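Asker: Going down the list, the protein sequences come from chains A and B.
Going by the working numbering, the residue at position 68 of the first sequence is 70; the numbering climbs one at a time, nothing skipped.
Going by the working numbering, the residue at position 29 of the second sequence is 308; the numbering climbs one at a time, nothing skipped.
In short, the hints are calculated from the structure, not lab data.
All figures in this text were calculated on a predicted structure; none of them were measured in a lab.
All the given hints hold, so there is nothing to weed out.
Across the chosen pairs, the derived CB separations fall in these ranges:
1) Gly42(A) / Ser306(B): 21 to 29 Å
2) Leu69(A) / Glu296(B): 41 to 49 Å
3) Gln293(B) / Asn73(A): 44 to 52 Å
4) Asn73(A) / Glu296(B): 42 to 50 Å
5) Leu334(B) / Arg17(A): 42 to 50 Å
6) Ile359(B) / Glu84(A): 38 to 46 Å
7) Arg53(A) / Lys330(B): 23 to 31 Å
8) Pro392(B) / Arg17(A): 42 to 50 Å
9) Val363(B) / Ser29(A): 28 to 36 Å
10) Asn61(A) / Pro287(B): 21 to 29 Å
11) Asn354(B) / Arg17(A): 43 to 51 Å
Glycine is no exception: its CB is placed at the ideal position from the N, C-alpha and C atoms.
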Amino acid sequence: ETGVTQSPTHLIKTRGQQVTLRCSSQSGHNTVSWYQQALGQGPQFIFQYYREEENGRGNFPPRFSGLQFPNYSSELNVNALELDDSALYLCASSPLGQRGTEAFFGQGTRLTVV
Amino acid sequence: GQQLNQSPQSMFIQEGEDVSMNCTSSSIFNTWLWYKQDPGEGPVLLIALYKAGELTSNGRLTAQFGITRKDSFLNISASIPSDVGIYFCAGLHSGGSNYKLTFGKGTLLTVNP
Chain A
3 ETGVTQSPTH LIKTRGQQVT LRCSSQSGHN TVSWYQQALG QGPQFIFQYY
53 REEENGRGNF PPRFSGLQFP NYSSELNVNA LELDDSALYL CASSPLGQRG
103 TEAFFGQGTR LTVV
Chain B
280 GQQLNQSPQS MFIQEGEDVS MNCTSSSIFN TWLWYKQDPG EGPVLLIALY
330 KAGELTSNGR LTAQFGITRK DSFLNISASI PSDVGIYFCA GLHSGGSNYK
380 LTFGKGTLLT VNP
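With the sequences and hints as input, model every part of the structure.
Answerer: Below is the structure:
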């Protein structure tokens, strides 16, 4: 059984560009959540996907969007990147019947916007 | 965005000492979780608490879900160097179909061998 994996691990982008981050959920987990973790802060909830649909969203603008695929993997897309988008982006997956509780995190993608 | 009030922000202790950290919120949560995060890694779940008043242990770690459902604490007994890291509390909102975790700012633990 593989854990949650994210790619890439590190990324540098220029302000105004677009970025796509990827997440493979843990085997058997059907719910994926994305979090943004700024330096020195706790993770902040961006949104959650369940059955390929957005299932709750935090306080993030529409330029943060996502997808979930039939195999439960997910993408986070950020358009028109801003300097403040620099952060560690974490993906967490949860097993069937326990959405959001037993959340297991990937190692994260470190995004730097210059 | 909202974050829980977690204290202390940092702790520097000697190996073998016990550690206590806590988390408070103005909101009620159905579930409290405690995570540990090492540098360059994602948070790893340590303990999950599902019921007000619940006291749960995982090895040297003990955590409690406050009676008011607005607070939780984590104790680590007989600390060892590998306990070093950032500890986060998280509360789970589970209203309707929306499940999201709200995190504290973390407690940075340093253990001096």
